[in-house]
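Participant: So the chains spell out like this:
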Amino acid sequence: MAETKKITFSQATLEAMQEEMERDDTVFVMGEDIARQGGIFGQFKGLPDSFGSDRVRDTPITETAIVGAAVGAALAGMRPIADMHFADFMLVCGDEIYNQMAKVHYMFGGQKTVPMVLRAPDGLINQAAAQHSQSLEAIFQHIPGLKVVAPSNPADAKGLLKSAIRDDNPVIYFEHKALFNTKGEVPVEEYFTPIGKADIVTEGSDLTIVSYSNCLQTVAKPVAEMAEKEGISVELIDLRTISPIDKDAILESVAKTSRLAIIHEAVKQGGVGGEIAAIVAEEGLDYLDAPIMRFGSPFTPVPFARPLEQAYRLKPEAILEGIKRMF
Amino acid sequence: MCAKAILKEPTIPVKNYDRDLLIELYRKMVSIRLFEQKVEHHFLAGDIPGFVHLYIGEEGIGTGVMANLTKEDYIESTHRGHGHTIAKGADLNRMMAEIFGKKTGYCKGKGGSMHIADFSVGMLGANGIVGGGYTLAVGAALASKLREDGRISVVFFGDGASNRGTFHEALNMAAAWKLPVLFVCENNEWASTTPYLTTTSVADIADRAQGYGIPGYMVDGNDVLSVYETSKEVVDYIRSGNGPVLLECKTYRIKGHFVGDPEKYRTKEEVQEVFDNNNPINRFEEKVIEAGVLSREDLDAVYGEVEAAIEEAVRYALESPEPDPSELFDDLYV
Ligand SMILES: Cc1ncc(C[n+]2csc(CCOP(=O)(O)OP(=O)(O)O)c2C)c(N)n1
Numbered sequence: 001m002a003e004t005k006k007i008t009f010s011q012a013t014l015e016a017m018q019e020e021m022e023r024d025d026t027v028f029v030m031g032e033d034i035a036r037q038g039g040i041f042g043q044f045k046g047l048p049d050s051f052g053s054d055r056v057r058d059t060p061i062t063e064t065a066i067v068g069a070a071v072g073a074a075l076a077g078m079r080p081i082a083d084m085h086f087a088d089f090m091l092v093c094g095d096e097i098y099n100q101m102a103k104v105h106y107m108f109g110g111q112k113t114v115p116m117v118l119r120a121p122d123g124l125i126n127q128a129a130a131q132h133s134q135s136l137e138a139i140f141q142h143i144p145g146l147k148v149v150a151p152s153n154p155a156d157a158k159g160l161l162k163s164a165i166r167d168d169n170p171v172i173y174f175e176h177k178a179l180f181n182t183k184g185e186v187p188v189e190e191y192f193t194p195i196g197k198a199d200i201v202t203e204g205s206d207l208t209i210v211s212y213s214n215c216l217q218t219v220a221k222p223v224a225e226m227a228e229k230e231g232i233s234v235e236l237i238d239l240r241t242i243s244p245i246d247k248d249a250i251l252e253s254v255a256k257t258s259r260l261a262i263i264h265e266a267v268k269q270g271g272v273g274g275e276i277a278a279i280v281a282e283e284g285l286d287y288l289d290a291p292i293m294r295f296g297s298p299f300t301p302v303p304f305a306r307p308l309e310q311a312y313r314l315k316p317e318a319i320l321e322g323i324k325r326m327f
Numbered sequence: 001m002c003a004k005a006i007l008k009e010p011t012i013p014v015k016n017y018d019r020d021l022l023i024e025l026y027r028k029m030v031s032i033r034l035f036e037q038k039v040e041h042h043f044l045a046g047d048i049p050g051f052v053h054l055y056i057g058e059e060g061i062g063t064g065v066m067a068n069l070t071k072e073d074y075i076e077s078t079h080r081g082h083g084h085t086i087a088k089g090a091d092l093n094r095m096m097a098e099i100f101g102k103k104t105g106y107c108k109g110k111g112g113s114m115h116i117a118d119f120s121v122g123m124l125g126a127n128g129i130v131g132g133g134y135t136l137a138v139g140a141a142l143a144s145k146l147r148e149d150g151r152i153s154v155v156f157f158g159d160g161a162s163n164r165g166t167f168h169e170a171l172n173m174a175a176a177w178k179l180p181v182l183f184v185c186e187n188n189e190w191a192s193t194t195p196y197l198t199t200t201s202v203a204d205i206a207d208r209a210q211g212y213g214i215p216g217y218m219v220d221g222n223d224v225l226s227v228y229e230t231s232k233e234v235v236d237y238i239r240s241g242n243g244p245v246l247l248e249c250k251t252y253r254i255k256g257h258f259v260g261d262p263e264k265y266r267t268k269e270e271v272q273e274v275f276d277n278n279n280p281i282n283r284f285e286e287k288v289i290e291a292g293v294l295s296r297e298d299l300d301a302v303y304g305e306v307e308a309a310i311e312e313a314v315r316y317a318l319e320s321p322e323p324d325p326s327e328l329f330d331d332l333y334v
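These protein sequence lines map, in sequence, to chains S and A. According to my numbering, the first sequence is numbered sequentially starting from 1. According to my numbering, the second sequence is numbered sequentially starting from 1.
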């Protein structure tokens with residue numbers, strides 16, 4: 001076993017940036033409140049001490065220009081990392097993400113790559129309400145040309161961020177706000193988590209559960225544990241990359257277990273779960289012994305008041321009941 | 001330098017210009033004109049698909065600005081980008097092939113007229129999104145500033161595009177960070193079917209520079225020497241590390257918004273009047289002949305060379321193969 005150390009998710013992303021910025025001076029970071037304040041979740045703390053405020057750059061409140069400038073800098077040979085503060089704010093710069101960042105490589109016939117990373121803190125934290133809590137990955141899964149990742153633990157956070165920085169394609173890096181302070185074992189040696197490869201968290205034989213990001217930790221894992229107690233052997237898959245999706249890992253697992261449940265925090269309608277269900281319906285229907293089940297948040301904006309927010313949150317117990325009906 | 005828009009008159013007498021420079025300016029303007037006349041012809045003949053927006057009548061701007069740039073400097077262009085691309089030094093054959101949707105085109109047939117780029121000459125791309133280029137140019141300029149490589153970035157845009165929010169975000173960011181960017185507004189009086197004064201809060205877009213604390217200039221965009229001279233001054237200013245400048249070039253859109261535009265919103269007489277009396281190529285010819293620096297024969301010789309090069313570009317495009325359907329997924333990811 002390689003040597004590991006226990007650090008937070010936030011610390012893990014910081015190490016990824018430290019290492020990559022030391023190695024490559026074309027890497028730089030920009031975003032709102034990242035240098036002076038260290039990022040609103042502290043995920044950039046200390047970085048300006050190592051690299052100065054030119055390479056760790058506080059921007060005006062100007063999401064459109066941040067993403068556009070990152071694309072332009074990438075076209076001019078840099079490897080920018082742009083921080084979106086909250087993933088919700090990516091919707092301000094739809095054109096820059098959809099039409100520019102994602103398209104330039106293809107539409108210009110492969111003349112130039114766009115090696116940039118967009119960091120997007122997403123997901124539910126306590127009572128942040130409708131415009132500061134969204135999980136938007138499904139929107140970006142729908143855009144050809146982008147890569148989209150969503151780590152669920154510190155080790156993957158570091159490994160995926162390092163891979164994203166070195167990737168010549170534009171990568172959206174969703175980091176769940178509730179994960180920043182969570183701790184986990186991270187290898188001491190340099191390593192990379194491959195983009196496009198799902199992780200089999202636990203092996204099992206009766207049911208495949210696909211999940212990712214914070215939801216994997218707070219919902220899918222408890223569900224899997226409860227199911228095990230009921231005698232259902234669960235294969236838990238951490239998707240890790242939302243696009244390009246690791247079809248093979250999902251299909252192989254379903255071939256083994258014959259049942260599939262997908263659990264994500266984003267609203268169920270139009271979510272990534274629908275895509276995974278469709279893949280299995282199209283390419284693995286014969287493997288299935290039960291209908292595929294999707295679990296996602298209710299189709300409402302995220303509400304503010306505590307009881308409403310509680311009602312909105314996914315409940316492992318309810319999901320377990322659903323799963324039991326598959327048998 | 002003050003932040004008030006100034007109308008710059010040309011100050012250098014034509015006879016003091018370097019002859020080679022004048023020939024080069026003429027060659028570029030005529031290349032753009034003849035290139036686009038062919039594009040128009042072949043579009044109407046059904047050989048060219050998609051949308052095509054012509055730059056005819058505005059040749060003086062791209063030509064005059066680009067004469068002050070090196071191959072290393074960056075430009076961002078618009079949906080009306082053939083002129084900028086030619087002026088930056090792109091290959092006519094590959095451009096024409098791209099517009100025809102051929103495999104030999106700059107983008108292997110994946111881009112077309114609105115998405116031509118030539119990174120080898122610092123042309124970072126045309127843009128099908130009005131106002132899409134500003135922030136990209138700012139980013140390229142940021143790269144230059146971080147690397148201290150001395151390059152500048154120039155972004156071209158229309159009067160219509162100056163009302164996009166990206167204009168304001170880009171100007172602010174460039175000004176706040178003192179980035180080496182030149183914002184060139186090509187005010188051709190029309191945004192599609194809309195006359196600009198009906199949708200724009202200021203008579204002169206150059207005035208908007210004041211809001212960002214940067215210099216704003218205005219020039220006669222149909223006088224290539226005015227554009228050349230003023231952009232020389234502002235390019236020097238930007239290269240010296242003073243930050244961005246907004247340059248508004250007054251011109252007029254001779255052709256319809258796109259090839260095939262029925263142009264119900266204006267009269268043929270209005271257009272003809274400008275074309276006859278205020279056309280950058282004719283005005284240049286008259287000026288240089290009158291000043292005795294170039295003769296009719298000199299100009300005709302250049303014209304003939306360009307004609308041959310454009311013929312060759314069309315032949316190249318027509319004879320080039322279309323992309324193979326199997327190339328659909330090429331370049332989706334690196
Ligand atoms: C964001 C966006 N909105 C609208 C359009 C459609 N459109 C294309 S060109 C154009 C007019 C642009 O006018 P202007 O910026 O003045 O440039 P010009 O065409 O006059 O050169 C419009 C509305 C577009 N391509 N992108």
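Treat the hints as calculated values from the structure; they're not laboratory data. All values reported here derive from a predicted model rather than from experimental measurement. Possibly wrong hints are sitting among the right ones.
[What the hints assert, rightly or not] Covered stretches of chain S (in silico footprint by chain A; criterion: 3 or more residues with CB under 8 angstroms from a CB of chain A, positions within the stretch not fixed):
hint, stretch
1, 117 to 127
2, 229 to 240
3, 294 to 308
[As the list claims (entries may be wrong)] Across the chosen pairs, the derived CB separations fall in these ranges:
hint, chain 1, residue 1, chain 2, residue 2, range
4, A, 203, S, 46, 30 to 38 angstroms
5, S, 322, A, 325, 53 to 61 angstroms
6, S, 110, A, 241, 49 to 57 angstroms
7, A, 45, S, 22, 26 to 34 angstroms
8, S, 6, A, 326, 29 to 37 angstroms
9, A, 263, S, 19, 56 to 64 angstroms
10, A, 21, S, 46, 50 to 58 angstroms
11, S, 99, A, 312, 44 to 52 angstroms
12, S, 222, A, 325, 30 to 38 angstroms
13, A, 193, S, 190, 35 to 43 angstroms
14, S, 307, A, 325, 55 to 63 angstroms
15, A, 193, S, 50, 36 to 44 angstroms
16, S, 190, A, 37, 56 to 64 angstroms
Note that beta-carbon positions come from the ideal geometry of N, C-alpha and C, so glycine has one too.
Participant: All the hints need checking, so say for each whether the structure fits it.
Facilitator: Each hint tested on the structure:
With 0 residues bearing a CB less than 8 angstroms from a CB of chain A, the stretch 117 to 127 of chain S misses the requirement of three and the coverage assertion fails. For a cut-off of 8 angstroms, the count of residues in the stretch 229 to 240 of chain S with a CB near a CB of chain A stands at 0, and the three-residue condition is violated. Coverage of the stretch 294 to 308 of chain S by chain A is violated in this model, with 0 residues showing a Cβ closer than 8 angstroms to a Cβ of that chain against a need of three. Distance hint for residue 203(A) and residue 46(S): a CB-CB separation of about 51 angstroms, inconsistent with the stated range 30 to 38 angstroms.
In this structure, residue 322(S) and residue 325(A) break the distance hint of 53 to 61 angstroms, their C-beta atoms being roughly 44 angstroms apart. Range check, residue 110(S) to residue 241(A): Cβ separation about 35 angstroms, and the 49 to 57 angstroms hint is violated. For residue 45(A) and residue 22(S), the hinted distance range of 26 to 34 angstroms is not satisfied, since their beta carbons lie about 58 angstroms from each other. A hinted range of 29 to 37 angstroms for the beta carbons of residue 6(S) and residue 326(A) is inconsistent with their spacing of about 50 angstroms.
Distance hint check for residue 263(A) and residue 19(S): the Cβ-Cβ separation is about 59 angstroms, which falls inside the suggested range of 56 to 64 angstroms. A hinted range of 50 to 58 angstroms holds for the C-beta pair residue 21(A) and residue 46(S), which are about 53 angstroms apart. Taking 44 to 52 angstroms as the suggested C-beta distance range, the pair residue 99(S) and residue 312(A) does not conform, at roughly 34 angstroms. A C-beta distance of roughly 49 angstroms is found between residue 222(S) and residue 325(A), which places it outside the suggested range of 30 to 38 angstroms.
The given range of 35 to 43 angstroms is broken by residue 193(A) and residue 190(S), whose C-beta atoms sit roughly 58 angstroms from each other. Between residue 307(S) and residue 325(A) the beta carbon distance is about 56 angstroms. The supplied range of 55 to 63 angstroms therefore holds. In this structure the supplied range 36 to 44 angstroms is violated for residue 193(A) paired with residue 50(S), their Cβ-Cβ distance being about 54 angstroms. For residue 190(S) and residue 37(A), the Cβ-Cβ distance of about 59 angstroms falls inside the hinted range of 56 to 64 angstroms, so the restraint holds.
Hint compliance for this structure: hints 1, 2, 3, 4, 5, 6, 7, 8, 11, 12, 13 and 15 are broken, all remaining hints hold.
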